[in-house]
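Protein chains in written order, with the UniProt record's numbering: chain A, 1 to 462; chain B, 1 to 462.
Don't read these hints as lab results, they were simulated from the structure. Warning: the hint list may mix true and false statements.
Which copy is meant is left open, so a pair is good if it fits within one copy or across any two.
With a cut-off of at most 30 Å between alpha-carbon atoms, the simulated DSSO-like pairs for lysine-lysine come out as follows [stated by the list, open to error]:
id: 1; residue 1: Lys3; residue 2: Lys60
id: 2; residue 1: Lys424; residue 2: Lys460
id: 3; residue 1: Lys3; residue 2: Lys204
id: 4; residue 1: Lys40; residue 2: Lys3
id: 5; residue 1: Lys374; residue 2: Lys166
id: 6; residue 1: Lys424; residue 2: Lys40
id: 7; residue 1: Lys317; residue 2: Lys40
id: 8; residue 1: Lys460; residue 2: Lys204
id: 9; residue 1: Lys60; residue 2: Lys130
id: 10; residue 1: Lys402; residue 2: Lys317
id: 11; residue 1: Lys422; residue 2: Lys30
id: 12; residue 1: Lys130; residue 2: Lys204
id: 13; residue 1: Lys3; residue 2: Lys130
2 protein chains.
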Amino acid sequence: MRKAGLASYGPDSMGGFIVTRPRGYALWEKVQENLDEWFKGTGVDNAYFPMFIPESYLDKESEFVEGFDPEVAWVTEGGNQELEERLAVRPTSESIITPYMSQWTRSHRDLPLRLNQWCSVVRWEATETKPFFRTKEFLWQEGHTAHESAEEAWDETVTRLGQYEKLYEDVLAIPVMRGRKPEHDKFPGGETTTTVEALMPDGKSLQGATSHDLGQSFAEAYDLTYVDEEEEEQVAHTTSWGLSWRALGGLIMTHSDDQGLVLPPTVAPEQVVIVPIWQEDTREDVLQYSTEVAAELEEAGVRVHLDDRDERNPGFKFNEWELKGVPLRIEIGPNEVEDEELTFAHRPDGEQSVVSRDGLVDSVDAHLDAVQEKLYESAEERLEENVREADSPEEILGTIGKHGGYVKTPWCGDEACEQVIKEKIAAEIVMVPFDEEHEPDADECTLCGDEATKTAYFAKTY
Amino acid sequence: MRKAGLASYGPDSMGGFIVTRPRGYALWEKVQENLDEWFKGTGVDNAYFPMFIPESYLDKESEFVEGFDPEVAWVTEGGNQELEERLAVRPTSESIITPYMSQWTRSHRDLPLRLNQWCSVVRWEATETKPFFRTKEFLWQEGHTAHESAEEAWDETVTRLGQYEKLYEDVLAIPVMRGRKPEHDKFPGGETTTTVEALMPDGKSLQGATSHDLGQSFAEAYDLTYVDEEEEEQVAHTTSWGLSWRALGGLIMTHSDDQGLVLPPTVAPEQVVIVPIWQEDTREDVLQYSTEVAAELEEAGVRVHLDDRDERNPGFKFNEWELKGVPLRIEIGPNEVEDEELTFAHRPDGEQSVVSRDGLVDSVDAHLDAVQEKLYESAEERLEENVREADSPEEILGTIGKHGGYVKTPWCGDEACEQVIKEKIAAEIVMVPFDEEHEPDADECTLCGDEATKTAYFAKTY
Ligand SMILES: [Zn+2]
Ligand SMILES: [Zn+2]
Chain A
1 MRKAGLASYG PDSMGGFIVT RPRGYALWEK VQENLDEWFK GTGVDNAYFP MFIPESYLDK
61 ESEFVEGFDP EVAWVTEGGN QELEERLAVR PTSESIITPY MSQWTRSHRD LPLRLNQWCS
121 VVRWEATETK PFFRTKEFLW QEGHTAHESA EEAWDETVTR LGQYEKLYED VLAIPVMRGR
181 KPEHDKFPGG ETTTTVEALM PDGKSLQGAT SHDLGQSFAE AYDLTYVDEE EEEQVAHTTS
241 WGLSWRALGG LIMTHSDDQG LVLPPTVAPE QVVIVPIWQE DTREDVLQYS TEVAAELEEA
301 GVRVHLDDRD ERNPGFKFNE WELKGVPLRI EIGPNEVEDE ELTFAHRPDG EQSVVSRDGL
361 VDSVDAHLDA VQEKLYESAE ERLEENVREA DSPEEILGTI GKHGGYVKTP WCGDEACEQV
421 IKEKIAAEIV MVPFDEEHEP DADECTLCGD EATKTAYFAK TY
Chain B
1 MRKAGLASYG PDSMGGFIVT RPRGYALWEK VQENLDEWFK GTGVDNAYFP MFIPESYLDK
61 ESEFVEGFDP EVAWVTEGGN QELEERLAVR PTSESIITPY MSQWTRSHRD LPLRLNQWCS
121 VVRWEATETK PFFRTKEFLW QEGHTAHESA EEAWDETVTR LGQYEKLYED VLAIPVMRGR
181 KPEHDKFPGG ETTTTVEALM PDGKSLQGAT SHDLGQSFAE AYDLTYVDEE EEEQVAHTTS
241 WGLSWRALGG LIMTHSDDQG LVLPPTVAPE QVVIVPIWQE DTREDVLQYS TEVAAELEEA
301 GVRVHLDDRD ERNPGFKFNE WELKGVPLRI EIGPNEVEDE ELTFAHRPDG EQSVVSRDGL
361 VDSVDAHLDA VQEKLYESAE ERLEENVREA DSPEEILGTI GKHGGYVKTP WCGDEACEQV
421 IKEKIAAEIV MVPFDEEHEP DADECTLCGD EATKTAYFAK TY
């Protein structure tokens, strides 16, 4: 990650902070572009709320504050003066956004109200830094909505989860599984937390993004009410949903190999790199041909870079662009010029093919699609091979210990049964799938023998 | 500003903070879109640095810390523990970005290095809140660059100032004057601060954006050196430049009138609003015609809104969209339908015209251009009328006291001469214009009689 120039560690005295370098930030911009368009297309407006939250605001929802208080960074001095009230650097913004939604909501005609902000948040966790996975400050978007009914709030929750799934699968080429978090692991103060989970190559599950149905507890705590069509005052139902730069961590980890990064064409800053290969006597022809090819691709909207550096040889350039993860390389030497052809090489597997100079743009589009598909398919295959079943606590432990990945098993719903596993290995229930939750494969909880009401997916996590 | 739904005040216990509502944030997004594209087109990469800066980093440039320390907000606790070192919430990021530029710069081949980040910063000023003008936290972009020579750094400084000028003039329809800040008012630790200044209708000058040539002081403080072509180690030259949401404050103040906001077509969330005017018997025809017009405009990329609400009458709608500042209103009644025409009304001056339904898109484009021009011209006229000259301290005071605006006068360059004015009225030297700075109109400083080396522009400020 650091070799590919995506991020650097923060100052020595600031463990847990990172610097996002241009090549890393460009990936985040692609995530933003996609999500932002989908959000706006489905009724969400961007806004911006203060980065600080008064302690008294934070305190109003008791489960929430209990959950987040241990991780808060506090501003206590400003303008050379002790502040009268401590200000939390936002760990998430329910406690400042909900009171404003309350100000702006009078009647049912003001609902639904859908807001989103792109910002950074701070959570002071005392764990080791892992760029884009575990950092005290991270970039994310947080959506906050208010609705008239529980049903609308649930629909909203699922809509946003679907957009996260789409981002992972169609943009980042990472298959995910959708489900609910167990009751004991949901958002503090919320009703239901839904998640998309992605399997990483090291066998751990990445919580890719979460979408929370917050029920009425935040609306009650912050007085978010509205007058319905019968002129009755009602408490609204709220949701919140967020995706952070962890998505970049997942992207990098999923597709990288020993040669470095591998980027899906959808997000790669350069989709195509052209490497000309010349001798002294062929230099001019090769460069001119390469320049024309680059111009034609650029004209067609392909993100292309012609690496015409004199001081580097082709082998060095190959390595450098492989490290940076450019999905498609075009090699152009005297043979390609003479035959009016091009040599394509796919980054993920090195597959080479010679294509005609005619129909360049169509060929490039097709090959970029092919690379995108290769990446998704290889991740999908890994996921499919790594969902296993288990019939006893020992088998859960043994399977995860040996293979990593997911173990699905019938579960009673009790946190104590998760503890049995969690105490022995660092694995937990990462989700209960939507479609199977009412139909576990067996009648009995694998862990305690009581009635099984759910299917639990155990995995190690970050 | 609050009536038009652009912003709200922050929590009561957090004076100086505001909430940027969707209609306000949408304006900021337009500013971002434009600048971001220009920056990227001129070699700048976006990145993201931590929002906190260790106190020891801040302390390394002595003039800088002296200038900013009184305004810093400090994080002193995190994760329920007192921190070993206080962390400043960034007031600006030279002191954390320059050390990283130093890490990333080895040889002259690594330069120029141009970074930008979009973020918020905090400056704890003890003044009254004025949304988008004076707020403790504000959104901005901050660009930071490093170069081999003083000349390149100066070129960079002027390039960025030119982009700010373009944003104000071509996008926000606000004419600005370019110049340098007086020595005593430049960026702490820097070499030269350049500024674009805009005249507000209340006669005060808005510092629209600043671009700083930082010379070598920050590079020296943070050890930003490079090896030149002769293998000699050299200290780099740096610049920084920023534009904040003050630009929105300027936009709102410049073009608003008694009916509310007036937005230039370039940034208006809705460029055109269609208000259908019907009786019961004409309702269907009018609505269908209106829907077709809206569809054609949307298809052509015009940001159009059809206000077909049943429960509101046209007069109410006119007022509401005038308040929100939509630049062009299209009225459609039975007559328009019958004659295959449309009635256009310009927001700034209410000018109406009847245009043919044929050539709709071209007509709308032309009228939007006309509105943009009207806004610019009226602001330009105001500026031209409000630059006056003065031959004595009394005349400076009298002219600014009576008219506001700018008073230009020959100046020796001494801060003491500014003090003479500043002590009597809250006016200061806001800039020394680029083109005239070596040729003041008279030989003597109007304030002390010593040799005049510059032309100073006095004005009241925010
Ligand atoms: Zn059980
Ligand atoms: Zn003087």
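Evaluation of the provided hints:
When the C-alpha separation of Lys3 and Lys60 is checked against a cutoff of 30 Å, the pair qualifies only between copies, where the shortest distance is 29 Å, while the shortest distance within a copy is 45 Å. When the C-alpha separation of Lys424 and Lys460 is checked against a cutoff of 30 Å, the pair qualifies only within one copy, where the shortest distance is 12 Å, while the shortest distance between copies is 70 Å. With identical chains, the CA atoms of Lys3 and Lys204 are at most 30 Å apart within one copy only, with a shortest distance of 23 Å there and 51 Å across copies. Taking the shortest Cα distances, Lys40 and Lys3 sit within 30 Å of each other only across copies (24 Å), while inside one copy they are farther apart (36 Å).
Taking the shortest alpha-carbon separations for Lys374 and Lys166, only the intra-copy value of 17 Å comes in at or below 30 Å, while the best inter-copy value is 45 Å. Taking the closest pair of Cα atoms, Lys424 and Lys40 never come within 30 Å of each other, the shortest separation being 45 Å inside a single copy and 52 Å across copies. For the identical chains of this complex, Lys317 and Lys40 are inter-copy neighbours only, at 24 Å across copies versus 40 Å inside a copy, given an alpha-carbon limit of 30 Å. In the homo-oligomer, the alpha carbons of Lys460 and Lys204 lie at most 30 Å apart inside one protomer (5 Å), although the nearest pairing across protomers, at 61 Å, exceeds that limit.
Taking identical chains as interchangeable, the C-alpha atoms of Lys60 and Lys130 lie at most 30 Å apart only when they sit on different chains, with a minimum of 28 Å there against 33 Å within one chain. For the identical chains of this complex, Lys402 and Lys317 are neighbours neither inside a copy (39 Å) nor across copies (68 Å), given an alpha-carbon limit of 30 Å. With identical chains, the CA atoms of Lys422 and Lys30 are never at most 30 Å apart, being 36 Å at best within one copy and 49 Å at best between copies. In this assembly of identical chains, Lys130 and Lys204 lie within 30 Å of each other by CA distance solely inside one copy; the values are 14 Å within and 50 Å between copies.
In this assembly of identical chains, the alpha carbons of Lys3 and Lys130 lie at most 30 Å apart only when taken from the same copy (14 Å versus 45 Å across copies).
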